[in-house]
Amino acid sequence: MNLNDSPSERGLQNSRRNWLKWMGGAALAPVLASSAPAMAAKAGPRADYFPNAVLETHDGKKLHFYDDLVQGKIVAFNMMYSVCTGICPGNTANLLQVQEALGQRLGKDVFMYSLTLQPELDTPRALQEYVNRYHIKPGWTFLTGHPKEMDTIRRKLGFFNDDPKIDANLATHTGMVRIGNEALDRWFMMPALSPPKQLARAILQL
Amino acid sequence: MPRSKPASLLKLSRRQSLQLAAASTTAALLAAKDAASPVQAKDLPAGPHTTPFVVPLPVYTAKTPIGTLSPAPTPQANVSGGECGRPSHQRAAEFTPQKYYEMHVKEAYHSFHPELPTQKIWGYDGLLPGPTFAERYGVPITVRIYNDLPANAIGFGSPEITTHLHNLHDGSESDGFTGDYYSRTKFGPTMTAPGAYKDHHYPNVYADYDDPRYDATNGDPREALGTLWYHDHRIDFTAPNVYKGLTGFYLLFDEIDSGNELPDPNNPKALRLPSGVGKYDIPLVFQDKQFDSSGYLFFDQFATKGILGNKFCVNGKVQPFFKVERRKYRFRLLDGGPSRFYEFYLANGSGVNQRFTYIANDGNLLPAPLNTSKVHLGVAERADIVIDFANYPIGTRLYLVNRLIQTDGRGPEGPLVNTRGADGLLTTAGTQLLRFDIDSDPAAPDMSQVPAKLRELPPVNLAEVVKTRRFEFDRENEVWTVNGKTFDVDNAVARPKRGTAEIWVLKGKGDWHHPVHIHFEEGQILSRNGQPPAPHEAGRKDVYVLEPNDEVRVFLRFREFLGKYMMHCHNLTHEDHAMMIRWDIVE
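Taken in sequence, the protein lines are chains W and G. Residue numbering for the first sequence is 1 to 206, as defined by the numbering used here. Residue numbering for the second sequence is 1001 to 1587, as defined by the numbering used here.
Just chain W, same shape as in the assembly (with noise of 0.2 Å):
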């Protein structure tokens, strides 16, 4: 144990290690093997926790969750899903002032993500025509993917509730950012409708 790690960052390994610990050698061998086939190139805090699935991004890229998108990163993420007529195009306008408040560091080590929460409706095509409508420039990447996948990654980013009727209710899906620094593993959430200044100023400033 390196005494220099945080506390937090050795109970991390700690916790790692006593999940295998209880999953038991035997039963963990396969269930790693299938779901996590990249696990040996994962390196940052984070690796462990987040899934790797392929996702699309609305300009038609396959990208590994963790591996492309999350990991050394700044990310802010919050779900959408592009026909909402609820909280969708007051949090994106709104979003698009934090995205210019980001200024030059976007695209290079922060980004924005947004979540389809209708994969199966949501494709590449229909994220780009949102990404068109709303004038979304780059450094800012719409994702869909396998709708399991999909739902994984939702719940792990902490996008959910806990009563599953307003869980699966789109018309109270979350209103959220998730932001964090993979690197640092420090995370944390605001709403998506706060002031543009104070959601950029919180995403630079990790």
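Careful, some of the hints might be misleading.
Stated by the list, open to error - Straight-line Cα separation of at most 16 Å, EDC-like style, residue types lysine to aspartate or glutamate; simulated pairs: (1) 197/W with 1490/G; (2) 1279/G with 1446/G; (3) 156/W with 185/W; (4) 197/W with 1488/G.
It should be emphasised that the hints constitute simulated quantities derived from the structure, not laboratory data. Predicted, not measured: the structure shown is a model, and the values here were computed from it.
Using the hints, position chain G against chain W.
Showing chain G alone in chain W's frame:
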């Protein structure tokens, strides 16, 4: 990791806890196999076994001031000298500091329990909890708070700080506003420059100082606070920063609550409550924490409802014991969060409730002591109680027990789980948090007393009220809101005028509990759900617990200082998810 929803460990035996951990393993396995099932199981691993009552309770004597600060403190921020860019101290010339302190916020090693690994925490002076300040009204002080935290700390928490002194009557620049955070490289939205330290000017002055009626006493002594606490308030990261250790006590004394239990012919007003900070006057901060199976502190950064622990710490130790003499003690109980409510009982080894005396709520002495069997606290609420151990023979063991069951951040379970007898007391066995060992007779006779009258309440003059404001605490689309809005650090939603009074109506919506804290001024509850407040809430308060659909009307006055203050839910997770407003006192 299956972490999101802590288990109810309160009524479980060790064996049951293990079974529960095993169940959660199964859940984790299922979750890993099936991506569609919830990734976070319902149960929290119990953590390693810790034998209760093997660690002595840490008690501190008061922190020692230093002769001078270098560079000397200045009302204006000394940015070139290393201070962060803050607004100037208000009324610094009127309340000239007479004592100086230096405090360093830093990473340090801490042992929560001998059966858990010694591990890094964040502490004021490296201590968990931080040092105890014992101050007096009429003696202004300056505390220079250095931020020595590692800038690139990995894991939960953010190493910029803003220290709130809850609930001192002081200028907003020393209040620890959430946007006033600083480090050597970063500074908050309401600051102008980073810095190694910040000078907090604490005038230690009664409210109503400016009212000529109280010239003789430099303010209204009926407005005194006694039990205050300081903690980090860094916007978006208050819960993890406090959880990592940034909490401490600040006690205030005056002629009435004199800190001297011996007869003093020069001070006939003295109540002579049990006295001697760290001896017979003992602050107790209750914080529940999650430890992983290797015994390291764990904090779920992805939780949104609240954080509940699997072990209970008192003054930073898991289930400590405290040797006491057969005499009266004053205990100052603080619910240090992050999210749990408590209902404390004093019980003997058979679980039979013992009565004690309730003397102060939220740090404010009640008009008269209450003889009671329980104290109910939400996060950030305080209660001062007096226990007379002279009633028990040497060798007796008593326990401070939490009988309230709470299994998630929503609030304590309802009446079906938290069942009460005809006497209104909870019937569950609960968890023993702290053991008192009645150890010896006092060397000197116990001269302390609890008089039948403590501190008078200042009058509520409704004719002074110039405005009534209503604040609804709600949740929409997983977003915590106050009046439908989220927190705006730059803009106040209320601007009461200095020298006026208002009524604030606080309304809880939905099925959540929210302990709402109003900075700066102590209020008085006019009504709770249309009824007069219960006796223990009938004094002055700064935390107003809203149970689902509660409506509390509070009388507040705005005096002496100007600037930005806050009102927020003190479930620290709700607070970090922006359940907060800024309000400003204006001319």
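- Query: Looking back at the numbered hints, which does the structure fail to meet, lowest number first?
  - Reply: none
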